[in-house]
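On the provided structure of chain S, position chain R as indicated by the hints.
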Amino acid sequence: MSTVSETIPRGRSARRVRIDGWRWGGRAFLVFMLLYTALPMIWMLLTSIKSGFAAMQFPPQWWPDQPTLASYQKLLDPQNSVGQDFLRFFWNSLIVSTATTILSVIVAVPAAYAFSRFTFPGRNFLFFAVLLRNMFPAVIFLVPLFILMRAIGLVNTHGSLVLTYLTFGLPLAIWLLKGFYDNIPVQLEQAARIDGATRFQAFVLIVMPLSAPGIIATAIYSFIGAWNEYIYAYTFLSKNEQLTLPVGIQRFFSENTTDFPGLMAASFMMSVPVVVLFLLLQRYFVRALTEGAVKH
Amino acid sequence: MTIVSGKAEARRTLQSARSDVLRKMWEHRADYAYVLPAIAVMLIVIAYPIYYTIELSFFNTPPGLQLRDKIFVGFNNYGAILTSGVFWQVTFNTLIWTVASTFFSFALGFAAALALHRDFIGRGVLRAILIIPWVISAVAASYIWKWIYHSDFGIIGAVLVELGWASRPPNFIDSVSTVLPSLIVVNIWREFPFAMIMMTAGLQTVPEQLLRAAKVDGANAWQRFWHVTFPHLRNVSTVTILLLAVANFNSFIIPWIMTGGGPSNASHIWITHIYELAFGRQRWGVASAYSVLLFIILMTLGYFYVRALSGNERKDGGA
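Protein chains in written order, with my numbering: chain S, 1 to 296; chain R, 1 to 319.
Don't read these hints as lab results, they were simulated from the structure. Note that CB positions come from ideal geometry on N, CA and C, so glycine has one too. Certain hints may be false.
In silico negatives: residues of chain R with every beta carbon more than 10 angstroms from chain S [said to hold, decoys possible]:
1. G74
2. V86
3. I129
4. G164
5. P181
6. I241
7. S264
Below are the BS3-like pairs computed for lysine-lysine, each with C-alpha atoms no more than 30 angstroms apart in a straight line [to be verified]:
8. S:K239 / S:K74
9. R:K70 / S:K239
10. R:K24 / S:K239
11. S:K74 / R:K70
Chain S with its partners taken away, still in its complex shape:
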């Protein structure tokens, strides 16, 4: 407060001009950011509705002369081999991401609750050990994990990916959820305990419903992480019929290097599920960050 009262009041007119300057600066900046963010995505969409010939022109067709959905039809048609592959990759990604999401929530919820409520010895150590996972790049774990997966017979299965993805998602998931639980009054549980509920019942019946937004945010985060993951899928899976989307698309287009409309259409369709999911549920995500990561 002292710093505030020390500041010197300025003349009214000078302040006016200054604030307006900031506001216009902010608007100009937002326009710039909008262009930076959106133009690449718009160009992706415009390219995806061109023919292969139309895309490879100089100067480019800024707007497609003859828009065509041929690339999308090719990718989504189960009759031809490209469509079969793409749909299979899509399905594989969906299975892996969904399984990861469900397991993440099952593992993270009790852990975050315990870190928030209980004061067992080693609590801080374990909490930070979990967070430290964020520090290490995937590449470090590739070789040993590959050997480990071979030892337990998970190589070339989706199980190896689910197990690995679980550990990416967990640290932030636990951290976010812990912040959420920190903000739910303990008194609510105590009241339930007095009414005869066990600690576990109080957890399931009182705390779980209240933390639903946090759980949803955690689930989105896990799903997006698993959906977009590339390195492990690239290393652990070798059979074509098991690939997930990022790796499948890369394999496919390393063979068809000039089919840019197809590549853009595939990139777009790969992005649709996560973007839609995120936009629908972003409210929960930002709120979870506010409650969990920031407020403390």
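Just chain R now, with coordinates in the frame of chain S:
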């Protein structure tokens, strides 16, 4: 000290003066059940790989040999790394990549969060659009930008030619001097939304009354920001910058897909280099030694990360 049995422990009062860790752990035995699944997963997928990487860094694995036939070479792998020219080039690239990406992602994200803090029509839509690059897959982002930078049909090159600023489209990612900045632009595109989300969340915790009081006292916009808003955001800024720095240090997908580290190593950073050593050239020992060096750097960063976080915790306990 003897291990206290459960029966003897039950007879004791809870207010026992001695703080016996084992007894405490026994009292809290049910609590561990909640964290056990998380810890078990972490141990399998983290502790074992770390141990194995350290072990492998002291061995040589000639190509064509099975991994279990490795040959002990002591610190040779480390010596080989530190005396190679590629190491210093890659380290320099990594440094530029990490610092530039982190700085600009944070600055742009923070500025966007501030500009979006005041309510206006379409704010929600604008915010949602700005977040999209962070949500889409880095593989998709890499392909989008690869197409934008394309040396014959890329749109940026075409615009530059149309405006008369260049006689022919420049080679953004095929030229040693421009490849790294070009990739950094892509990385910032993907990462500034994260900083924006974190700082948006942080801004919501700045007490309105303080800002209003400052305004009544005659503080202008900049003074309100510098003396009220910014001090409140110190913790969240630290955490955001550290998370960004670590994520950038560990980047892989964008350089790997867009250039594969080329041309002539100009866009190789540590992780892509390690990947190529291990999976491209089968030099597992050297790659592991690189990884161990990486551990050491990251543990140093991790120390600050934990300190920043526990700084928050302590303040929480005091409040």
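- For the pair we were handed, K74 (chain S) and K70 (chain R), check the Cα-Cα distance against 30 angstroms. With a Cα-Cα distance of about 48 angstroms, the restraint between K74 (chain S) and K70 (chain R) is violated, given a limit of 30 angstroms.
- Status of P181 (chain R), Cβ more than 10 angstroms from any chain S Cβ: 15 angstroms, holds
- Message: The output says G74 (chain R) does not contact chain S. Does that hold with a beta carbon cutoff of 10 angstroms?
- Response: 20 angstroms, holds
- Is the Cβ of V86 (chain R) more than 10 angstroms away from each Cβ in chain S? Per Cβ check, V86 (chain R) is outside 10 angstroms of chain S; nearest 17 angstroms; holds.
- Task: Test the statement that G164 (chain R) is away from the interface with chain S: the closest C-beta pair must be farther apart than 10 angstroms.
- Result: Consistent with the label, G164 (chain R) stays out of reach of chain S, its closest Cβ about 12 angstroms off (over 10 angstroms).
- Task: Quick one: work out the minimum CB distance from I241 (chain R) to chain S and report holds if it exceeds 10 angstroms, violated otherwise.
- Result: The assertion about I241 (chain R) holds, with a minimum of 14 angstroms to chain S.
- Message: Holds or violated: K24 (chain R) and K239 (chain S), Cα atoms, limit 30 angstroms.
- Response: 51 angstroms, violated
- Taking 30 angstroms as the top limit, are the C-alpha atoms of K239 (chain S) and K74 (chain S) close enough? 22 angstroms, holds
- Report holds if the minimum CB distance from I129 (chain R) to chain S is greater than 10 angstroms, and violated otherwise. 6 angstroms, violated
- Do the alpha carbons of K70 (chain R) and K239 (chain S) lie within 30 angstroms of each other, as the hint requires? Roughly 28 angstroms between the alpha carbons, so the hint for K70 (chain R) and K239 (chain S) holds.
- Run the C-beta distances from S264 (chain R) to all of chain S and say if the shortest one exceeds 10 angstroms. Correct as stated: the minimum Cβ-Cβ distance to chain S is 21 angstroms, above 10 angstroms.
Violated hints, listed in ascending order, are 3, 10, 11; each of the other numbered hints is respected by the structure.
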